[in-house]
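As a plain string of letters, each chain reads:
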Amino acid sequence: MAKGIAEWYPVASIKDLRERHVFQTELFGHELVVWQADDGYVNVWENRCLHRGSRLSVGINDGAELVCAYHGWRYANQTAGCTYIPAHPSNSPARTICNRVYPSFVRHGFVWSALEQCSDQLVVELTNDDEPLVLRSLPLDVPLEEVQKHLQNCEFNLGEGTDDQVQKHKYAPAVGEPYSYKYRTSNSSFSVHLMLQPFDDKKTVIHGLVTPAPKKESRLDWLLSLNTQLAKFREEVESSISVDMGRWLDTDDTHAHQVSQGAGSRVSEMEVVVSKRWLTAIDIVGFELRPVEGGLPTFQPGAHVDLHLPNGLSRQYSLINGPGEQDRYQIGVKLEQNSRGGSKFLHEELHEGDQLLLSGPHNNFRLRRDTPQTLLFAGGIGLTPLLAMAQALERTDLSFILHYFVQSSEHLAFQERFAQFGDQLKTHLGLSPAETEQRVVETLGSYDHLSQVYACGPPAMISMIRETAMSLGWPPEAVHFEYFKNEIILDEFSAFEIHLARSGMTLSVDSGSTILDVLRENGVALASSCEQGACGTCEVGLLEGEPNHQDVYLNETEHEAGTRIMTCVSRSHSDRLVLDI
Amino acid sequence: MFAARCEDAALLDLWHPVAAIPDVRERGPVSTQLLGQMLVVSGQEGEEISIKEFMAPMVHGQVFNQGREVSLPVREAFGFVWTSLGAPPERLFDIPEFHETDRWSENSGSFRVHTSAGRTVENFLDLAHFPFVHEGYLGEQPYTEVKDYSVTFDDREIWATGCEFYQPIAAVSATDGQVTKYTYRLAHPFCPLLYKTSPVDPKRFDVIGIFVQPMTEVRACAHQFLSLLDETNDDATIKRFQAIIFGQDKPILENQVPKRLPLGSRAETPITADKTSIQYRRWLTELGISYGVIRDNTQRDSEPCSEIF
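Here the protein sequences come in this chain order: E and U.
Just so we're aligned, residue 1 is where the first sequence starts under my numbering, counting upward by one.
Just so we're aligned, residue 1 is where the second sequence starts under my numbering, counting upward by one.
Heads up, incomplete: computed chain U residues facing chain E, CB under 8 Å, no partners named: (1) 129; (2) 133; (3) 152; (4) 266; (5) 273; (6) 279.
Bear in mind the hints are in silico, worked out from the structure with no lab data behind them.
All values reported here derive from a predicted model rather than from experimental measurement.
For glycine and all other residues, C-beta sits at the position ideal for the given N, C-alpha and C.
Construct the entire structure; sequences and hints are all you get.
Dropping the structure here:
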């Protein structure tokens, strides 16, 4: 890697990031996409969708996620994890599908980034009192070294006031700061900082700021004077080097392109701290959890996390977060009358500042976004996953109505999030079971082929909604539900054995784990990538047994031949598979 | 201007489309590029079509003026002129529908695009982009699901059958949205065809194809071929429809990086919907092609790819 790779560079002026704009730039020839979410967070990522290499800079910033223009893949604010693949609306994207995030922060009016994590030391240190004015960035078709060489010998006139009062000053750049040059007038009223962004091997961008900002009355004259000098500087520098036709060539693939697995990959357990707890409704406490270290994994609407409580219990709670809300997780916990120590512990023993272990998020309650209309039915605490879904739908053009059934207005939880929904939220207070059923019948109506239903709440209510929907002609595939209590993680896979022919090892694959998992747990290193049977990376030869392929990498002839399997998804119809490893 | 010469026998020996016959007849001679080589296709009305390759030896990057001219084989098929830089087979794939007399079979435009032939072919084989890139024409949000379909490969052609997609305006002759059934056929590494339910006669298929000419590693020309059962629309309307569709794909194609098609299994992230392209990349790998592709993540990356269009 080139010298200076682990240094902070300005890559954009904060003014380049207009509301919901997507900005494209480069650092040492690496294409970056820079975009700001509605929560103010500035993302600096590799400018490439992991799917088919499309530049994300031609995509859409929806305020919480960046959406690829080619196939609509959605990437979350902060983590760059993929949250939705429209071609497969009922699947959760693998956690490994996470774009490369470059380290970055915002300071002094610029977005700073680096190709590799580096120290917090910035080339320019200012205090807030300095009131900097950010100058317009100046791109030069000149390599970094040439710009540095010329800046060493350059003099700028930073005089104040009218023409006849202009004071000429000559300033040398600070020694030992190859990427930042500081110019100061002798009476120290102004400092100009010029900072270099190595765009690629033929182009450099000069970013600049002046402190303090020149007074309003003289600002235009002052800027005009500096701008004229910088333009002249650019002409001189550009004409000093021979025109390199190279940049007109079709250069392609100057960098290794490999799907990088970002921070989101393979997270097992992580430590979080309770940053806030509040009583959000009768018997329901809201908890806000922040990571003790690093960031939180990407989540999708409908996802839950497993909390591992200090009393040894594990409990699952749905995230109520809206899209792109990645700096914290929020959950709602209802005190159960017959709590065996889960909700009771959380209500009584877990306080702000306490730490606990969390794993996930997992998503078994996936929000399809391929129907024009979605009806969400929430009963009591069953609101939580549907609240996340409603917020995700709110960001799209799809219409939805969230029906929220509770005993009384004191039982309405998380009302601080309701304002965005307007009349798409309907609360139904104090209805008896019979009245609830009547309301559901009226609301559902007969199946219109344009809608889908999501339901969560007490088991009796979910069963009622399912039966009602069925009697009204709704097909089962349009009715989605998640039972909250005693949730059974469906596992359609039976257990079987694998025998490794070359090492003689016999291992058992239990329901819930894949062949790949079992191989890895037993020290067999096997590369994988998509983990959904599409890329062929984790293929192994099959010597014996009747495989249940489930992959899309092999074609039908190869499936019939049954001589190779994809260890990430393939399972077995027979009791045993003999693998050629 | 000259670019890196292709050394893949598999590509040199193929028949490649280089121009639409009417373009040569009416506006010829046509100068173009094939696998980095300069060609001139000539033959006005009444003359035989001939193709000359200009061999320009390069020394230290300088092109000598006295280049050699070499005559190349000529073949006319489906309204296009085809040639080869190597030893082409006798056979070129057939499109039986082309010979049916009640069809409108014609080329509907040659579109240049600044990406590799492989990327262009994959875009043609792709269903999932319809609601995003061709919204209101070939797809419509939120109908984004790609239902499972089946892919077969017989060492010569890839077929994807049982593809279904909801389309608001599947073709010029469509008046209403319909679930269109598709069959894709890759009859040649750079010639994908699709058969789709005709809006006029649901028992027969419209055939649409692009014959992609790899001009350089990162530039291609997509020659469009149509064989439609459309009695109502005139040529200009149909061509305009096709031009709109390609015009929507072009900026997407030109914003894919890298431009050469990566064949390494971990270079990009395929999903179930990409079954056909998964098989396509495997086919190119097996053919031993290295021109216009990136064979895996370690190979060739350090090599500069110098090209002038």
